[in-house]
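A.B. asks: One line per chain: the protein sequences are A and B, in this order.
The first sequence begins at 28 in our numbering and counts up by one.
The second sequence begins at 28 in our numbering and counts up by one.
Hints are not guaranteed to be accurate.
All copies of an identical chain are treated as equivalent in the list; a pair is satisfied when it fits inside any one copy or across any two copies.
[Unchecked claim] The calculated lysine-lysine pairs, modelled on DSBU-like cross-linking and capped at a C-alpha distance of 30 Å, are:
#1 K214 - K32
#2 K32 - K239
#3 K130 - K32
#4 K256 - K345
#5 K130 - K214
#6 K73 - K256
#7 K189 - K53
#8 K239 - K53
#9 K32 - K98
#10 K53 - K98
#11 K32 - K221
#12 K130 - K363
#13 K53 - K276
#14 K53 - K73
#15 K330 - K276
#16 K276 - K363
#17 K345 - K276
FYI, nobody ran anything at the bench for these hints, they're computed from the structure.
2 protein chains.
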Amino acid sequence: MEEPKLTEISQLGEFGLIERQTAGLKNVNESTILGVGDDCAIMRYKDTDLLVSTDLLLEGVHFDLTYVPLKHLGYKAVVVNLSDIYAMNGTPRQITVSLGISKRFAVEHIDALYDGIRLACEVYGVDLVGGDTTASRQGLVISITAIGDAPAEMVARRDGAKDTDLICVSGDLGAAYMGLQLLEREKVASAGQKDFQPDFSGKEYLVERQLKPEARRDVIEALRNAGIKPTSMMDISDGLSSELLHICKSSHTGCRIYEDRIPIDYQTAVMAEELGMNLVTAALNGGEDYELLFTVPLHEHEKVEKIPGIKVIGHITKEDLGCAMITRDGNEIPLKAQGFNHMA
Amino acid sequence: MEEPKLTEISQLGEFGLIERQTAGLKNVNESTILGVGDDCAIMRYKDTDLLVSTDLLLEGVHFDLTYVPLKHLGYKAVVVNLSDIYAMNGTPRQITVSLGISKRFAVEHIDALYDGIRLACEVYGVDLVGGDTTASRQGLVISITAIGDAPAEMVARRDGAKDTDLICVSGDLGAAYMGLQLLEREKVASAGQKDFQPDFSGKEYLVERQLKPEARRDVIEALRNAGIKPTSMMDISDGLSSELLHICKSSHTGCRIYEDRIPIDYQTAVMAEELGMNLVTAALNGGEDYELLFTVPLHEHEKVEKIPGIKVIGHITKEDLGCAMITRDGNEIPLKAQGFNHMA
Numbered sequence: 028m029e030e031p032k033l034t035e036i037s038q039l040g041e042f043g044l045i046e047r048q049t050a051g052l053k054n055v056n057e058s059t060i061l062g063v064g065d066d067c068a069i070m071r072y073k074d075t076d077l078l079v080s081t082d083l084l085l086e087g088v089h090f091d092l093t094y095v096p097l098k099h100l101g102y103k104a105v106v107v108n109l110s111d112i113y114a115m116n117g118t119p120r121q122i123t124v125s126l127g128i129s130k131r132f133a134v135e136h137i138d139a140l141y142d143g144i145r146l147a148c149e150v151y152g153v154d155l156v157g158g159d160t161t162a163s164r165q166g167l168v169i170s171i172t173a174i175g176d177a178p179a180e181m182v183a184r185r186d187g188a189k190d191t192d193l194i195c196v197s198g199d200l201g202a203a204y205m206g207l208q209l210l211e212r213e214k215v216a217s218a219g220q221k222d223f224q225p226d227f228s229g230k231e232y233l234v235e236r237q238l239k240p241e242a243r244r245d246v247i248e249a250l251r252n253a254g255i256k257p258t259s260m261m262d263i264s265d266g267l268s269s270e271l272l273h274i275c276k277s278s279h280t281g282c283r284i285y286e287d288r289i290p291i292d293y294q295t296a297v298m299a300e301e302l303g304m305n306l307v308t309a310a311l312n313g314g315e316d317y318e319l320l321f322t323v324p325l326h327e328h329e330k331v332e333k334i335p336g337i338k339v340i341g342h343i344t345k346e347d348l349g350c351a352m353i354t355r356d357g358n359e360i361p362l363k364a365q366g367f368n369h370m371a
Numbered sequence: 028m029e030e031p032k033l034t035e036i037s038q039l040g041e042f043g044l045i046e047r048q049t050a051g052l053k054n055v056n057e058s059t060i061l062g063v064g065d066d067c068a069i070m071r072y073k074d075t076d077l078l079v080s081t082d083l084l085l086e087g088v089h090f091d092l093t094y095v096p097l098k099h100l101g102y103k104a105v106v107v108n109l110s111d112i113y114a115m116n117g118t119p120r121q122i123t124v125s126l127g128i129s130k131r132f133a134v135e136h137i138d139a140l141y142d143g144i145r146l147a148c149e150v151y152g153v154d155l156v157g158g159d160t161t162a163s164r165q166g167l168v169i170s171i172t173a174i175g176d177a178p179a180e181m182v183a184r185r186d187g188a189k190d191t192d193l194i195c196v197s198g199d200l201g202a203a204y205m206g207l208q209l210l211e212r213e214k215v216a217s218a219g220q221k222d223f224q225p226d227f228s229g230k231e232y233l234v235e236r237q238l239k240p241e242a243r244r245d246v247i248e249a250l251r252n253a254g255i256k257p258t259s260m261m262d263i264s265d266g267l268s269s270e271l272l273h274i275c276k277s278s279h280t281g282c283r284i285y286e287d288r289i290p291i292d293y294q295t296a297v298m299a300e301e302l303g304m305n306l307v308t309a310a311l312n313g314g315e316d317y318e319l320l321f322t323v324p325l326h327e328h329e330k331v332e333k334i335p336g337i338k339v340i341g342h343i344t345k346e347d348l349g350c351a352m353i354t355r356d357g358n359e360i361p362l363k364a365q366g367f368n369h370m371a
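The shape of chain A in the complex, shown without the other chains (with noise of 0.2 Å):
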């Protein structure tokens, strides 16, 4: 692999990689309604859209065993996926499951990573369909395809955000960054120590919302039965910052969102104290957190507003306003993609 003029991937990263080697696709088939580019592909067979997510877990760089437990981690790869196909609004049906496995890893490992994807399953009514097993010479590798759909004028995809829409948020965010923080803390405490007891006491919310987080089926259910169809939604798995640019990029409109309206737990603040964090940088840009965030016209104001744990953090704009977020004090700080990045 002698070649003239290398460009490094960290030049690009993840999405630029991904847009270079998509830009000028052209899709042949009447199925394909949508490639690359939102949460899921969609594929239209009668008046279902067929909705298709993928994610690949590579050990050392998305978990770290000794701290995730291997059921944990068989949970967690399935309900990622999973939320893809909830920010869709749609409904998962199946997944396949490759899993790329080393020497270091027994078969009773194995049981308890399934144990995990089977639970999330169960919990999600979700049937496993298949997948690829094989050796890999180092570490674990997940890679898991979810299935699901939808009504074809259900779907909502991140392109259908509105000048004076609502931006909501379900949950609250920050928690999983913080639980990482925490276990990364407690790994390094330690180190090197028989019998070491991590102290999680007051954190407990922290580590699950890390380790076994859920998908928003509720939130899309809550939804329905009000009646309101989201203009846009996307889950947020990089951070608010990044998934709200991306839906304004894709709706070509601006955002207005408001400091003292993102829903934060006081676990995630206590934890942002202890180790001198700006809160709302970690709330902004944590990631993991697979909460929804979505768009909704302004007359469903009264409606979004009661469902419970559903908060309007803002609205849309026209495009030439820009992406922003006004701070306690009244100031605009622009918003700027600063989440997760495993390319840089």
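For this one, chain A is given, so just place chain B on it according to the hints.
C.D. replies: Same frame as chain A, now just chain B:
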């Protein structure tokens, strides 16, 4: 990860491990028609069956970049998945591509890989609709999922073979395996030598079969044009023996195939001679040919014999007769699954 009484994965092998993890799985979604255990999973939407197949390819396990050009690798990674869709008598429509990329790779390397991926999409009329791109700590990871469709009544599974059905094979067998042997030999010969020129003269076909296999769309089309629906079908990725045993086990039948009917190319025979290998063993167990193995009712004999490149190699029997090959000298030897097993 300290646990008592751990079981090595090699004790179960790939199929054993999959069986253990998927035993007793119950599907809960109406759209799930067929789960784990065939070339593809099947989902039904109205009168259309959706087919999903997935493969995980790991550097150092499935490919060796010292002799596999990245463009060929991209092409092959797609083709092997499409082959699974054709093997259900379907038409591939979409793929998703997930990549794990280590620091060793530059943007131009990924360009080359995608050149091959896009070429395969173009040749087979398939849309690239999504994926995931991430850093890897070591080596290249490729996970591809293919989605296809077929009218529900046309889908060919592996469990439909019936007593007296004819066993058919497309193309010729063992060439991809011999190509691999050749590439490995030249790799050893080139070790430490600068400007080494590998010698592939007279063996170009073997190298091509290994590096740039094709999926047999033409065979599927020919069968449709002839009005033949195979009673069972698989693609030959692990070797004829292994695949035929799968069909017979799933269909609760036995089989007889004839040594002198197994299609083998001249170059394959020459190479086996050179390496002192048993030619028929290579053709039975070689793997990676991506030819189609299928069964048709006896009364289709004339029609199927007329299709160029299809060979009838034997017939299905009642289960209690077992699975065997009749050698040139009239002996019966039992078929064994000695195909590739990365987990062994």
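A.B. asks: Which hints from the list above does the structure break, by number from lowest to highest?
C.D. replies: The structure conflicts with no hint, since it agrees with every one listed earlier.
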